[in-house]
Amino acid sequence: MVHHAFTRRCLVAGAVCLALVAGRGDADAADTVRVAFGDIATVETLNFLTALERAREKGLDIETTFFKSEDIAAQAVVGGQADIGVGTPYALIQKVRAPIRMFFQMSTLQFYPVVDAAAYQDWKDLDGEEIAVHSRGSGTEAIMLLMAKRNGIEYGRVSYVPGSEVRAGALLQGNIKASIVDSANRRLLDEKAPGKFKTLEVTDVEATDEALYANTDFLEGNKEAVDTLMDALLATWRELNDDPKVVAEWREKYNLLPDLPEDLEGEILPYFEEAVEAGVFPDNGGSEEAARTDLEFYGLAGQLEGDPKGLKVEDFWTFDPLNRALKRLGQG
Amino acid sequence: MAARTARAAHAGVGAAGRRLRKDGTLAWQAASVLAVMLAWEIAGRIPINYAFPPFLAVLRAFVEMVLDGSLVRAFLVTLVPLVLGVLFSTVVGVGAGVLMGLRRGVEWVAAPVFIVLQAAPVAAIIPLVTFVYGIGLAAKTVAVILLALPVIALNAYKAVRNVNPSLVAMCRSFLGTRRQTVQKVILPDASPVIFAGLRLGVGAGFVGVILAELLITPTGVGDLITYHRSVANYAEMYATILTIVVVSALCLNGLQRIEARLFRPERREGT
Chain A
1 MVHHAFTRRC LVAGAVCLAL VAGRGDADAA DTVRVAFGDI ATVETLNFLT ALERAREKGL
61 DIETTFFKSE DIAAQAVVGG QADIGVGTPY ALIQKVRAPI RMFFQMSTLQ FYPVVDAAAY
121 QDWKDLDGEE IAVHSRGSGT EAIMLLMAKR NGIEYGRVSY VPGSEVRAGA LLQGNIKASI
181 VDSANRRLLD EKAPGKFKTL EVTDVEATDE ALYANTDFLE GNKEAVDTLM DALLATWREL
241 NDDPKVVAEW REKYNLLPDL PEDLEGEILP YFEEAVEAGV FPDNGGSEEA ARTDLEFYGL
301 AGQLEGDPKG LKVEDFWTFD PLNRALKRLG QG
Chain B
1 MAARTARAAH AGVGAAGRRL RKDGTLAWQA ASVLAVMLAW EIAGRIPINY AFPPFLAVLR
61 AFVEMVLDGS LVRAFLVTLV PLVLGVLFST VVGVGAGVLM GLRRGVEWVA APVFIVLQAA
121 PVAAIIPLVT FVYGIGLAAK TVAVILLALP VIALNAYKAV RNVNPSLVAM CRSFLGTRRQ
181 TVQKVILPDA SPVIFAGLRL GVGAGFVGVI LAELLITPTG VGDLITYHRS VANYAEMYAT
241 ILTIVVVSAL CLNGLQRIEA RLFRPERREG T
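Chains A and B, in that order, give the protein sequences.
According to the numbering used here, the first sequence is numbered sequentially starting from 1.
According to the numbering used here, the second sequence is numbered sequentially starting from 1.
FYI, nobody ran anything at the bench for these hints, they're computed from the structure.
It is possible that some hints are incorrect.
Within a straight-line C-alpha distance of at most 20 angstroms, the following computed EDC-like cross-link-like pairs (lysine to aspartate or glutamate) qualify [said to hold, decoys possible]: (1) LYS95/A / GLU107/B; (2) LYS245/A / ASP217/A; (3) LYS95/A / GLU41/B; (4) LYS177/A / ASP127/A; (5) LYS192/A / GLU262/A; (6) LYS158/B / GLU107/B.
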C-alpha cells in the first residue's frame with residue numbers, strides 16, 4: 001500500500017517535471033531564432049556570421065546549427081526544428097508545397113568552368129566531351145548546361161563528383177579535363193599548376209546561390225526579430241561591398257572561425273575581393289527580377305518543373321521583410 | 001498392411017498440418033505487410049511530414065522508375081562493386097578464417113585486424129578510403145570489403161575453431177592424416193557456420209555499397225536517392241530506398257533457403 005502511494009507520488013512528480021520542461025522548451029523556442037546552415041561554417045560564410053553577431057548585439061537571441069547538406073537544413077525548417085534556413089529550396093517549395101518562403105538573397109552563384117588548356121580552348125571544344133559537375137540537379141550542372149545551350153554544343157558525358165576541392169584535385173591529377181569549380185579552388189589550380197588550366201567565360205548567369213528562407217508563420221509572427229536580422233544583413237552586405245577588407249576586422253572583433261588554419265586565413269581577402277567585384281553579394285537583398293531569373297535557371301537545373309514563365313515568384317519568395325528594411329535603410 | 005496404412009495416414013495428416021501451418025504463416029506475413037502499408041498510407045495522408053509521401057505515391061513512383069528503366073540501370077551500376085566486393089571477401093575471408101582456425105600463428109597475426117575492422121565505425125572510415133583509392137569503382141569495392149570481409153572471416157574462424165572435437169578425435173583414431181582431418185571432417189563440419197557468415201557478409205555488403213554511393217560519389221542506387229532528395233521527389237526517393245531494402249531482404253532470404261537446403265536438413269521445408 002505504502003509502495004503504491006510512493007509510486008503514484010513519483011509518477012505525479014515526474015509528470016509535473018515533464019510539463020515544466022516542455023513548457024520551458026516552448027518559451028525558449030519562441031524567443032530564440034534558430035538558424036539552420038546547410039554546410040559547415042567556412043571563410044565564405046564570414047559575412048553572414050558577422051550579420052548574425054550584429055543582430056545578437058541588438059538583443060536577438062540566435063542559435064545556429066550546421067547541417068550536413070542544404071536539404072537536411074530545409075527539412076529542419078519545414079519540420080519546425082529550425083526557424084530560418086540557408087539555401088535555395090525551390091524544389092521543396094514547389095513539389096511538396098511546404099509553407100516556406102525565401103526572403104533574402106545572400107549571394108549569387110559564382111562558379112568557374114575550368115578546362116585543361118592542352119585539351120580544350122573554348123566552349124566549342126567541349127562538344128561531345130566529358131565534363132564533371134557537383135551533382136545531378138546542382139547549380140554547377142545548370143551553369144554548364146546553360147552555357148552548352150548558348151554555345152550550341154552537347155556534352156558527351158556528365159559525371160558527378162561532389163565537392164569543388166575533389167574536382168580540382170581530379171583536374172590536377174589529370175583524371176578529368178573539364179569541370180567547374182568555386183573561386184577558392186580556381187585560385188588553387190592557378191597556384192599549383194600555373195598556365196595549365198583555362199577558365200572559360202560565363203556571362204549573364206545570375207542565379208541565387210544562397211538565400212534565407214523561413215516558415216511563413218514565423219515571418220508573420222516574429223516581425224520584430226526578422227526586422228532586426230534584416231537590418232543587420234543589409235548593413236553588413238553594404239559595408240562589405242564598399243570595402244571587402246573589412247571582413248578581417250569583423251573576424252577579429254567577433255572572434256569568428258577562431259580555429260581557421262593559416263593557409264585558409266590567407267583565402268579570406270582574395271575570396272571577398274573577387275566576389276565583391278563579381279557582384280556576388282546584392283546590396284538590396286534580392287528582387288522580384290532576380291527571383292524570376294532563378295525560376296528559369298533552376299528550371300534548367302531540373303529543380304523546378306513546368307514552364308518557368310507560368311511560375312509565380314510569390315509562390316517562392318516574400319518581399320515584405322525586405323521592403324520594410326529597404327524603407328528603413330533606403331535603397332543601396 | 002495395417003501398419004503401412006497407419007503410416008500413410010499419419011504421413012497424410014502430417015502433410016496437411018504442414019500445409020495449414022504454412023498457409024497460416026503466409027496469411028500472417030501478408031497481414032503484417034498490409035498493416036505496414038496501411039499505416040504508411042495513413043501517415044502519408046495526414047501527413048506526418050511534408051517530405052513523407054503516402055505509400056500509393058511511392059508505389060506509383062516505383063512503377064514509373066521501373067518502366068523508364070532508371071531503377072534497373074541504377075541497380076546494375078550498384079551491383080558491380082557489390083558483387084566484386086562480396087566475391088573478394090568470400091575468397092579472402094573464408095581462406096583467412098579457415099587458416100586462423102587451423103593455425104595459431106595466423107590467428108595471432110590476423111584475428112585482431114578483423115576484430116578491429118568489425119568494431120570500427122565504417123561510415124567514418126569510408127570517406128578516408130577516397131584518399132587512397134580515389135572516387136571510382138575501386139573505392140566503392142573497398143567499402144563493401146571493409147564491411148563484408150570481417151564478418152565472413154570471423155565466422156569462418158569460429159566455425160573451424162568450434163568443430164566437434166569428438167569428430168576430429170574419431171578421424172585421428174582411424175589414422176586419418178592432417179589433410180584428411182581438414183578435408184573430410186573439419187571443413188564439412190564447419191560449413192554451416194561458414195555459410196551463415198557468408199549470408200551475414202552479403203547483408204553487410206549491401207550496407208557498404210549504399211554507404212559508399214552516398215558518401216563517396218553518387219552512382220547507381222545512391223545517386224537515385226541523393227538526386228531525388230535534392231530535387232524533392234520524395235516518392236521516388238522512398239521508392240528507391242524501399243526497393244534496395246526489399247532486394248537485400250530477398251537476397252538474404254534466398255541465401256537462407258540455400259543454407260537450409262545444403263546444410264541443415266532438419267530445417268528444410270517438407271522433410
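Structure-based check of all given hints:
Taking the CA atoms of LYS95/A and GLU107/B, the gap is near 56 angstroms; set against the 20 angstroms cutoff, the hint is violated. Distance check on the hinted pair: LYS245/A and ASP217/A sit about 38 angstroms apart at the alpha-carbon level, beyond 20 angstroms; violated. For the hint linking LYS95/A to GLU41/B, the alpha-carbon distance of about 19 angstroms falls within 20 angstroms, and the restraint holds. A threshold of 20 angstroms between alpha carbons decides the hint, and for LYS177/A with ASP127/A the separation of about 13 angstroms falls inside it, so the pair holds.
With a CA separation close to 18 angstroms, the supplied pair LYS192/A and GLU262/A stays within the 20 angstroms bound. Taking the CA atoms of LYS158/B and GLU107/B, the gap is about 11 angstroms. The hint holds against a cut of 20 angstroms.
Violation of the numbered hints given earlier is confined to hints 1, 2; the remaining hints are satisfied by the structure.
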